[in-house]
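Participant: The lines below spell out each chain.
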Amino acid sequence: MALDSKIPNGPISDKWTDYKNHINLVNPANKRNIDIIVVGTGLAGGSAAATLAELGYNVKAFCFQDSPRRAHSIAAQGGINAAKNYQGDGDSTFRLFYDTVKGGDYRSREANVHRLAEVSANIIDQCVAQGVPFARDYGGLLDNRSFGGVLVSRTFYAKGQTGQQLLLGAYSAMNRQIGRGKIKMYNRHEMLDIVKVDGKARGIIARNLVTGEIERHSAHAVVIASGGYGNVFFLSTNAMGSNATAAWKIHKKGAFFANPCYTQIHPTCIPVSGDHQSKLTLMSESLRNDGRIWVPAKLEDAQAIREGKLKPTQLAEADRDYYLERRYPSFGNLVPRDVASRAAKERCDAGFGVNKTGEAVYLDFASAIQRYGKEQVKIKHLDENDAALITKLGTEVVANKYGNLFQMYEKIVDENPYGTPMMIYPAVHYTMGGTWVDYNLQTTIPGCFSIGESNFSDHGANRLGASALMQGLADGYFVLPYTIGDYLSADIRTGKIPTDSPEFDEAEKSVKDQLERFINNNGTHSVDYFHKKLGKIMWDKVGMARNAEGLNEAIVEIAALREEFFKDVRVPGTLDSFNQELEKATRVADYLELGELFAKDALHRQESCGGHFREEYQTEDGEAMRDDENFAYVAAWEYKGKPSEAVLHKEDLKFDNVKLVQRSYK
Amino acid sequence: MKLTLKIWRQKNAEDKGQLVDYKLDNISEDMSFLDMLDVLNEGLIMKGEEPVAFDHDCREGICGMCSLYINGEAHGPDRGVTTCQLHMRMFKDGDTIYIESFRSKAFPVIKDLVVDRSSFDRIQHVGCFISVNTSGNTQDANNIPINKQDADDAFDAATCIGCGACVATCKNSSAMLFVAAKVSQFALLPQGKIEAADRVMNMVNQMDEEGFGNCTNTGACEVECPKGISLENIARMNREYLKASI
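Top line first, the protein sequences correspond to chains A and B. Heads up: the first sequence begins at 38 in the working numbering, then just goes up one per residue. Heads up: the second sequence begins at 801 in the working numbering, then just goes up one per residue.
It is possible that part of the hints are untrue.
Here are the simulated lysine-lysine pairs, BS3-like style, with alpha carbons at most 25 angstroms apart [what the hints assert, rightly or not]: (1) B/K971 to A/K570; (2) A/K417 to A/K573; (3) B/K892 to A/K429; (4) A/K549 to A/K677; (5) B/K948 to A/K415; (6) B/K847 to B/K806; (7) A/K569 to B/K806; (8) A/K604 to B/K847; (9) A/K411 to B/K948; (10) B/K971 to B/K806; (11) A/K549 to B/K806; (12) A/K415 to A/K393; (13) B/K892 to A/K393; (14) A/K289 to A/K691; (15) A/K438 to B/K948; (16) A/K417 to B/K948; (17) A/K604 to A/K687.
Simulated from the structure, these hints should not be mistaken for laboratory data. On a predicted model such as this, the values are computed, not experimentally measured, just so you know.
Generate the whole structure from the sequences, applying the supplied hints.
Facilitator: Encoded structure:
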């Protein structure tokens, strides 16, 4: 099957407008007869469900949490990008487009990214109209901050809780439609399979997580908005329940999975403290606006710090290595995430790590506190020589900007980051890869769409900070509602989809069989035991730096672990009750397949790009070396029974508006 | 650390339920409270017993999914944090820890420590929104300047995570702090003023229908709120309610 990305013709800046002018529409009376299932209620799913319901479709929305408002978009901290150019610093739709394509290391689809940049400004307007309380300046207008990989201030924010505020905005739009009966909400439900009738997506099988009941739900189209698969690493900044099951199930039924190896390792997370740990916590990238990253310049100082004999605050300026500022003078601490993460790993591998495990670097706010303090005494006409006052006022400014993040750090690490530098280390955060979709956000299964983090299209091999929120809301509010209408316009005479068909029977039976197998397995190890083992293989061999040898080993080890899992996993409890271990088992079963495809994809991509770093392909000074001649394509994998037999399909990427160069932030 | 846990076990909504004792050894101070429960559950699974069910998701204090009434306090002894951000360094070697679910008529137990908080959702369905369609054709965001103080106050109210600690900790099981935070966020913003009267009336009525108790101004909710939502919001909601009633 040949991949057709269905990119409209014409100049890039006209494509989306022309497309909207020429698609088929569904009249309002017919929309009332059309059902749409939306799986996942984060920024993408929540905004899509609300908008589709406003348009008049009957929406059924599903989430595994007890309320749609808890989806993991809520944990996004730093902000959302939009090409508003409120700061007058030279921003534009083209620049946002260009930065995103460049930041993605030239592995994303130009037309999709340009559309994203075009609708970005609408998102801010929309959210403000909904009552999202963005940060404002004293004139009452919206404030902006900078994020990594760009030279303008285009990030809108609500302290360190931007994701929370945007998700509550989308949730409020959902509430209005739930109240009107246009969205039927299924909380504590998990999709366990998709149902295809005559090749088209026509429904899902879901488990009611409270009663254990297996339910059939039909619709004219199914939208997957279930997020990313970062939890394949066990330890990540994802929520404990974040899972790839919906995305993986559609993959097994015919949706191609694109670029699984593109994973973002976020540079500023709280380091791992021990084996007991269940998850990692992100410290927003916005901290790099004001924090300076460093390690000791001398190995003996690093050693002394690790042993607790020396404190970081005792080290003189000359004995510190601000390695990002040294290596990348033009972007400094604001280099993109992939670059910052690898630089931290490089220093720690060289022996300069600063915590007990040797895997941490400093993020220091001392100079920001001084800078803001001096500014404040000037503004307030106070004593410019009072050092204590300067520190106090500077601390207040920093607290106002990042207070909740500092508090979070202090609770976890038990150190006061106002007085001593934070310790940070990279952790798995986001997955750029995902379900392959065309320009319409439709997967290779007709009638099955994929939006937000669960698709692959906009971020290439590396996502820029504050772009995930932008993409989620762009897809849900402003893109999918058009593209899905074009598809559904052919479905107005279909009528209600019955659930008593052989296709539903078969899908339900296979779901029930798998669940029964788990419950009756009576193995000797818990689900977590296997998940942790998988995570370790992934982190050690398919993590921040990869090579052919390690990847080949990982593929063999994951396949063996999967076999062991099905033989030996123990799932307590019953099928017909609230059973959290059973929920975990189905998710980990899917990760054990996805992980193998992930490694296979990483092995086949013989180049380094963005978040995918192959040790064999680097420049002399350790930067990623792309191979545009051979790898400027999207790798879309077709499922053929098991991951090792997945078939590769290529979508060649054409760059007509951006020139491919080696990404440099020096 | 060595600990004795007394945990509320209840098979389902119909079951009577009881406290069950568990002993734990080798708990590190750096563990989070939920890491500690993971260790307990791993041991129970290996012994062939059913693990303790508890709600949790983001484990960084923002999703509002985790609950737990620990030693008689919602989200445990630390201040300004959710249970998932509570660390074992708040406890001492040899401690006995009581772990119960959030209790309220409006939060029926699903299993063990998991409760059903959908009453919160239903309150929001009747008014927790501004009626604007997502057309993308609204006016430019900067055409609505908002006084910084109002914007900051609205933000502070909007940081409520809907966990239900205010209800669990209130002797009347009142949801006033939660509803007030929601009402306040919109009441403080010019965009929200148009529907303010309907919003507060509908939400307060639904709150009463769900079986939450009334507010007697003891302020326990404010103390236990992991996000520091202020009692001032309740005063603001009462003013809004009064305005809407006359």
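Participant: Hint by hint, note whether the structure agrees.
Facilitator: Hint by hint, here is what the structure shows:
Distance hint between B/K971 and A/K570 is unfulfilled; the C-alpha atoms sit about 46 angstroms from each other, more than 25 angstroms. Between the alpha carbons of A/K417 and A/K573 the distance comes to roughly 53 angstroms, so the proposed pair goes past 25 angstroms and is violated. Simply put, B/K892 and A/K429 have alpha-carbon atoms about 34 angstroms apart, too far for the 25 angstroms limit, and the pair is violated. For the hint pairing A/K549 with A/K677, the CA-to-CA distance comes to about 22 angstroms; that is within 25 angstroms, so the pair holds.
Annotation: proposed proximity of B/K948 to A/K415 holds, straight-line Cα distance about 22 angstroms (limit 25 angstroms). Distance restraint check for B/K847 and B/K806: the Cα-Cα separation of roughly 18 angstroms lies within the 25 angstroms cut-off, and the hinted pair is therefore satisfied. Taken as a hint, the A/K569 and B/K806 pair is broken in the structure, with Cα atoms around 28 angstroms apart against an allowance of 25 angstroms. A distance of roughly 19 angstroms separates the Cα atoms of A/K604 and B/K847; the hinted pair therefore holds under the 25 angstroms criterion.
About 23 angstroms separates the Cα atoms of A/K411 and B/K948, which keeps this hinted pair within 25 angstroms; it holds. A hinted pair counts as satisfied when its Cα atoms are at most 25 angstroms apart, and B/K971 with B/K806 qualifies at roughly 22 angstroms. Of the supplied pair hints, the one linking A/K549 and B/K806 is violated, its CA atoms being roughly 36 angstroms apart against a limit of 25 angstroms. Proposed proximity of A/K415 and A/K393 is contradicted: the alpha carbons are some 41 angstroms apart, above 25 angstroms.
Between the alpha carbons of B/K892 and A/K393 the distance comes to roughly 24 angstroms, so the proposed pair stays at or under 25 angstroms and holds. A hinted pair counts as satisfied when its Cα atoms are at most 25 angstroms apart, and A/K289 with A/K691 does not qualify at roughly 29 angstroms. Our distance criterion of 25 angstroms between C-alpha atoms is met by A/K438 and B/K948, whose separation comes to about 14 angstroms. A hinted pair counts as satisfied when its Cα atoms are at most 25 angstroms apart, and A/K417 with B/K948 qualifies at roughly 19 angstroms.
For the hint linking A/K604 to A/K687, the alpha-carbon distance of about 36 angstroms lies beyond 25 angstroms, and the restraint is violated.
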